[in-house]
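In the order they appear, the protein sequences are chains A and B.
Following the working numbering, the numbering of the first sequence begins with 1 at its first residue and continues without gaps.
Following the working numbering, the numbering of the second sequence begins with 1001 at its first residue and continues without gaps.
Fair warning: there could be bad hints in the mix.
What the hints assert, rightly or not - Quick list of in silico lysine-lysine cross-link-like pairs, BS3-like style, CA-CA up to 27 Å: (1) A:K56 - B:K1079; (2) A:K95 - A:K197; (3) B:K1069 - A:K56; (4) A:K44 - B:K1170; (5) B:K1049 - A:K152; (6) B:K1075 - B:K1256; (7) B:K1079 - A:K44; (8) A:K56 - B:K1075; (9) A:K99 - A:K186; (10) B:K1044 - A:K44; (11) A:K99 - B:K1079; (12) B:K1141 - B:K1170; (13) A:K56 - B:K1116; (14) A:K95 - A:K56; (15) A:K93 - A:K44; (16) A:K73 - B:K1044; (17) B:K1239 - A:K186; (18) B:K1116 - B:K1256; (19) A:K44 - B:K1116; (20) B:K1085 - A:K56; (21) A:K92 - A:K44; (22) B:K1160 - B:K1239; (23) A:K152 - B:K1239; (24) B:K1239 - A:K44.
Derived by calculation from the structure, the hints in this document are not laboratory data.
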Amino acid sequence: MKKIAFAFLLLFSLYSCKESDKKEVKAETKKEISDLSIYNLPSKWTTQDGKDIELKSLRGNVLVMVMIYTSCKSACPRLVADMRDIESKLEKKTKQHVKLILVSIDPNTDTPERLKSFAIENKMNQDPWIFLRSTEENTREFAAVLAVNYKKISPIDFSHSNIISVFNPEGELIFQQEGLGVNNEKTIEAINLEAGKI
Amino acid sequence: MKKYIFILTIFFFSAVSVMKAQEKGMAFIKEGSYVPLYGAVSQKPVIVKPFYIDIYPVTNSEFLEFVKKNPSYQKSKIKGIFADKSYLSYWTTDFDFGNANPKSPVTSVSWFAAKKYCECQGKRLATMDEWEYVAMADTRKVDARTKKEFNEYILSWYEKSRTYENEIGKTFKNYWGVYDMHGLVWEWTSDFNSIFLSGESRKDKSTDKNLFCGSGSVNASDLMDYAAFMRYAFRGSLKAQYSTRNLGFRCASTTKPKI
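Just chain A, same shape as in the assembly (with noise of 0.2 Å):
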């Protein structure tokens, strides 16, 4: 009998496509994410305190997000210099609803720890930075979602978009800037605008 059970539970478990879908429609109609929202992403990514998440749990909040690599010469450390330009013109009274986030596109090298002492040595390790890492299809498809492209090109590096994207709190993208050092007055004003209303 045990057996019969045991046979029937493996042929399920072949067709599990199927129940796991169902199960998301239905926590995702409770909570009503809008159709455009980010957060009807099911994957999980780790923080750089080692700590498991699913986008969904930044539900509420503006989010600034970028995709960078640590181990990056060029145009990275421009882009996380962008990040922080447009976390210090951020309205102070608002402020504590935005976060900004800094997305691994290698993460291979960026483990957690890596990504925590990178935070450290920029001065990043605090409220309202965010590092975060996942497996490489989670990563390549958030990547799908933000219109960044990236490629490895050597062991080591990869060329990538250079993208900043803002969302509401739904996770609705709302605004992007494209290129390096470029003028981020409507960015700010967007994220100003957004957190504002909160």
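Knowing the structure of chain A, use the given hints to seat chain B on it.
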């Protein structure tokens, strides 16, 4: 009695999986290396590890089965973040692909939907290198890219319209036993968003300018570059939510397919 039922059940399911295996056949691709025409900074060969790839692109009827089991990927239910408005645009309802041929490739699917479909089969999308590696074979050679007729065949397809209405398996069977890499539809790859055709991509291909400004003779390698350039430029223009009528997909797998 119980044992008898048990054996029958097992027998039934294994019969089903054999049937499925035939339907969803995959070809084994041996490890090899090739020099990509685009996307490589250096002219060094890229190693392609052994893998399996679907012999045919995914069809309308196969995709219908998938959306039946996965409601969130149905035409009316898919979320905007996973597909734009043209998702399955030629389907009349969630469960009806209209007057399209059941054996024609499913198109107007977003990258997210294609990816999910493959995951549900226990597979994945092919990488761009894997796809290009399989696609450079003609009927006889692993790498036919320097053959004039091969390139002319590909380019003549690029000029034809509505080939997506054709059935799968009507183009040539290539060296690996794979059909429809050229001549039917364009296909999604897992890392389509690793292309740079402007700015940062200057280094991708030093001879871009030669493609359009070449005067006089057009030789085989020009044609070959042009065909590849078309594919890379197309991929470079895509976003993961996009879906267009001439873009379908097929799945790949690193390990031997189970079902």
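Cross-check of the supplied hints:
1. A:K56 - B:K1079: Holds, because 16 Å separates the two Cα atoms, which is no more than 27 Å.
2. A:K95 - A:K197: holds, 12 Å
3. B:K1069 - A:K56: Answer holds: B:K1069 to A:K56 is near 25 Å, not above 27 Å.
4. A:K44 - B:K1170: violated, 42 Å
5. B:K1049 - A:K152: With a Cα-Cα distance of about 17 Å, the restraint between B:K1049 and A:K152 holds, given a limit of 27 Å.
6. B:K1075 - B:K1256: Judged against 27 Å, a Cα distance of about 31 Å means the pair is violated.
7. B:K1079 - A:K44: holds, 20 Å
8. A:K56 - B:K1075: holds, 25 Å
9. A:K99 - A:K186: This hinted pair holds, its Cα atoms lying about 18 Å apart.
10. B:K1044 - A:K44: Violated: B:K1044 and A:K44 sit about 35 Å apart, past 27 Å.
11. A:K99 - B:K1079: Holds: A:K99 and B:K1079 sit about 25 Å apart, inside 27 Å.
12. B:K1141 - B:K1170: With Cα atoms ~19 Å apart, B:K1141 and B:K1170 stay inside 27 Å; holds.
13. A:K56 - B:K1116: holds, 20 Å
14. A:K95 - A:K56: holds, 20 Å
15. A:K93 - A:K44: Violated - the C-alpha atoms of A:K44 and A:K93 are around 31 Å apart, more than 27 Å.
16. A:K73 - B:K1044: Holds, because 23 Å separates the two Cα atoms, which is no more than 27 Å.
17. B:K1239 - A:K186: holds, 24 Å
18. B:K1116 - B:K1256: Satisfied, since the Cα-Cα distance of roughly 19 Å is no more than 27 Å.
19. A:K44 - B:K1116: holds, 17 Å
20. B:K1085 - A:K56: Since the Cα atoms of B:K1085 and A:K56 sit roughly 25 Å apart, the hinted pair holds (cutoff 27 Å).
21. A:K92 - A:K44: Not satisfied, since the Cα-Cα distance of roughly 31 Å exceeds 27 Å.
22. B:K1160 - B:K1239: holds, 24 Å
23. A:K152 - B:K1239: holds, 19 Å
24. B:K1239 - A:K44: holds, 22 Å
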